Amino acid sequence: MSEPPGATIAASEAPPAADEPSKPFAAQRVLPLRRPGRWIATAVVLVLAVQFVHGLVTNPFYQWDRFGYWFLRPTILDGLVITLQVTAYSAVLGLLGGIVLALARLSKSPVLRAVSWTYVWALRSIPLIVVLLFLYNFSALYKTLSVGVPFGPAFFSFDESKLATDMVVAVIGLSLNEAAYAAEVVRGGILSVDQGQHEAAAALGLPKGYQFRKIVFPQALRSITPNYVNQLIGLIKSTSLVFYVSLLDLFGSAQSMGSTYPGDIVPLLLVVTVWYLILTSIVSVVQFYVERYYARGATRTLPPTPLQKLRTGLTDLRARIRREAAV
Amino acid sequence: MTITDTLETAPVALEISGVHKWYGAHRVLDGIDLTIRPGEVTVILGPSGSGKSTLLRVINHLEKPEIGHVSVNGEPIGVKRQGDRRGMGVPPAEGRGRLKELSERAILAQRSRIGFVFQNFNLFPHLTVLDNVAAAPVATGKLGKPQAQALAKELLERVGLGERVGAYPRQLSGGQQQRVAIARALALRPGVILFDEPTSALDPELVGEVLAVIKDLATSGTTLVIVTHEIGFAREIADRVVFIDGGRIVEQGPPSEVLDKPQHERTRDFLSKVL
Chain R
1 MSEPPGATIA ASEAPPAADE PSKPFAAQRV LPLRRPGRWI ATAVVLVLAV QFVHGLVTNP
61 FYQWDRFGYW FLRPTILDGL VITLQVTAYS AVLGLLGGIV LALARLSKSP VLRAVSWTYV
121 WALRSIPLIV VLLFLYNFSA LYKTLSVGVP FGPAFFSFDE SKLATDMVVA VIGLSLNEAA
181 YAAEVVRGGI LSVDQGQHEA AAALGLPKGY QFRKIVFPQA LRSITPNYVN QLIGLIKSTS
241 LVFYVSLLDL FGSAQSMGST YPGDIVPLLL VVTVWYLILT SIVSVVQFYV ERYYARGATR
301 TLPPTPLQKL RTGLTDLRAR IRREAAV
Chain X
1001 MTITDTLETA PVALEISGVH KWYGAHRVLD GIDLTIRPGE VTVILGPSGS GKSTLLRVIN
1061 HLEKPEIGHV SVNGEPIGVK RQGDRRGMGV PPAEGRGRLK ELSERAILAQ RSRIGFVFQN
1121 FNLFPHLTVL DNVAAAPVAT GKLGKPQAQA LAKELLERVG LGERVGAYPR QLSGGQQQRV
1181 AIARALALRP GVILFDEPTS ALDPELVGEV LAVIKDLATS GTTLVIVTHE IGFAREIADR
1241 VVFIDGGRIV EQGPPSEVLD KPQHERTRDF LSKVL
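Just so you know, the protein sequences line up as chains R and X, in that order. In this text, residue positions in the first sequence follow the numbering used here: the first is 1, and each later residue adds one. In this text, residue positions in the second sequence follow the numbering used here: the first is 1001, and each later residue adds one.
The hints are simulated quantities; they were obtained by calculation from the structure and are not laboratory data. Any given hint could be a false lead.
What the hints assert, rightly or not - The calculated lysine to aspartate or glutamate pairs, modelled on EDC-like cross-linking and capped at a C-alpha distance of 16 Å, are:
id	chain 1	residue 1	chain 2	residue 2
1	X	LYS1145	X	ASP1131
2	R	LYS108	X	GLU1104
3	X	LYS1100	X	GLU1154
4	X	LYS1064	R	GLU199
5	R	LYS208	X	GLU1104
6	X	LYS1153	X	ASP1131
7	R	LYS214	X	ASP1131
8	X	LYS1215	X	ASP1239
9	X	LYS1100	X	GLU1075
10	R	LYS214	R	ASP194
11	X	LYS1064	X	ASP1030
12	X	LYS1215	X	ASP1245
Unchecked claim - Chain R regions said to be covered by chain X (calculated; three or more residues, Cβ under 8 Å):
id	stretch
13	109-121
14	202-216
What the hints assert, rightly or not - Negatives, chain R to chain X, calculated, CB over 10 Å:
id	residue
15	ALA27
16	TRP64
17	LEU84
18	GLN85
19	ASN137
20	ILE236
21	LEU269
22	TYR276
23	TYR294
24	LEU314
25	ARG318
Since the model is a prediction, treat every value here as computed from it, not as a measurement. For every residue, glycine included, the Cβ atom is placed at its ideal position computed from N, Cα and C.
Start from the sequences and build out the full structure, keeping to the hints where you can.
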């Protein structure tokens, strides 16, 4: 895998060997094993894939012309912006909340541990849609929110109906839910850091905050990243639920257009599908580079980028062709 | 012996008095008393499970002793006299003031004056060799970043790794990693350096390079406490050998006595197994 490209080229310069048994044993080439089963399976899958794509393109049911009409419509793009905003805010707030919850869970105080555990238990048990609808009706339960002495006088009061816009309700709901899952992801990451690292940091007398920010957390991120990205992809799709708190995200816009133009429901769903695919792909690409960044020091050589992989692949292929041609 | 006595009988680099330590019901240290002078090189020997490593970890307060105290350069570790605001170990008056646990921040500051080298190196894998060494002086506010990096380069050259400053720890051999760990401990200019089996995790052919660095420190007048199984090395560099078994000091003295003419059956038994 990590063989330098030079090694393959060097191998290609070895004297070409022929198949005749008359040659000395050391110079005889080994015929590669034929694998007919693998070829048949490949052919079957290829045929099925082509059939599927052919159906997708030619079946009039999908109405690709209407797909083209809707794909970049301002209503859809406005919805996309809402989806991106809700996702971004909730991802950041959820991660911050998750870090706080994870630290509370790992704290020496039994009260903090219990509160953190209860929060995660509750928010993971309650369906997101229920949380969102609760928050949506929250302003009916608590008319004003105030900051002040607990059970005592208030310093500031907010009129909740003004504070809690649909966007705020959606972001709070998703963040509360996201934080519960992120807490476990972050906790797992912190636990994955070797105990010796904590000890070395303590033995050097590094300040507590520095130990966490510069020593433990960067190493924890290596295992947090793939798990949190998984979480993030779930979050992108969960944002489609904000439709129920009357926020018109990508899915919501398509849904409302679908009720106005009932004939276009299938192409609208396709538009939504393709946009979600694009968002997930972007996240996956970012994930690759973030993981590569946090792999510094953890592996002796960094995993190759797709470009590097392509380059070594081409070099290998060229060397192989040259070798085959020489035979 | 109390902490006040310690202060009056300087120069003492390290004072361990009446230290007991339990892990649950298991007694690991059973009344350890040890006084080490500045510049002295002490090697601690003992069978596995005898409490050697625990003793080292008690010295820099990675473990808290249940009974007894440790002081380094006259400063009690992990505790202070009530009324002694700055935690500098200066008692308010003879016999007055109770001992009080130090804040976590103050304990960390004390640890930064005691070097510790681990068996498994415990370098920070995500930082380059240079940053591993330069991190602590910067984080503890002792040096600015450029000065810390200059010091780190100098120390890495001293342990023979001046060429590898940009490497990550996992790109180095075990012996090289342990030499970086020693440079990292030296970067805080500690008064005492503790070594917890520094060569036990190394391939035999890499032991020598690490011992050479430790020997260099020993001859330069740094106070060292070394837990090791390298008897030959102990004979060569130790001013004093301390043999521990069952959480107690069985015997101690110069290597020529403890290693060559052991007085106790248990010491003889141990030495016959490791030599």
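Here's how the hints hold up against the structure:
no.: 1; hint: X:LYS1145 x X:ASP1131; in the structure: holds, 10 Å
no.: 2; hint: R:LYS108 x X:GLU1104; in the structure: holds, 14 Å
no.: 3; hint: X:LYS1100 x X:GLU1154; in the structure: violated, 39 Å
no.: 4; hint: X:LYS1064 x R:GLU199; in the structure: holds, 14 Å
no.: 5; hint: R:LYS208 x X:GLU1104; in the structure: holds, 8 Å
no.: 6; hint: X:LYS1153 x X:ASP1131; in the structure: holds, 10 Å
no.: 7; hint: R:LYS214 x X:ASP1131; in the structure: holds, 11 Å
no.: 8; hint: X:LYS1215 x X:ASP1239; in the structure: holds, 12 Å
no.: 9; hint: X:LYS1100 x X:GLU1075; in the structure: holds, 13 Å
no.: 10; hint: R:LYS214 x R:ASP194; in the structure: holds, 15 Å
no.: 11; hint: X:LYS1064 x X:ASP1030; in the structure: holds, 14 Å
no.: 12; hint: X:LYS1215 x X:ASP1245; in the structure: violated, 26 Å
no.: 13; hint: 109-121; in the structure: violated (count 0)
no.: 14; hint: 202-216; in the structure: holds (count 10)
no.: 15; hint: ALA27; in the structure: holds, 38 Å
no.: 16; hint: TRP64; in the structure: holds, 49 Å
no.: 17; hint: LEU84; in the structure: holds, 31 Å
no.: 18; hint: GLN85; in the structure: holds, 33 Å
no.: 19; hint: ASN137; in the structure: holds, 45 Å
no.: 20; hint: ILE236; in the structure: holds, 29 Å
no.: 21; hint: LEU269; in the structure: holds, 44 Å
no.: 22; hint: TYR276; in the structure: holds, 34 Å
no.: 23; hint: TYR294; in the structure: violated, 7 Å
no.: 24; hint: LEU314; in the structure: holds, 28 Å
no.: 25; hint: ARG318; in the structure: holds, 30 Å
The structure fails hints 3, 12, 13 and 23 (numbered hints given earlier, in ascending order).
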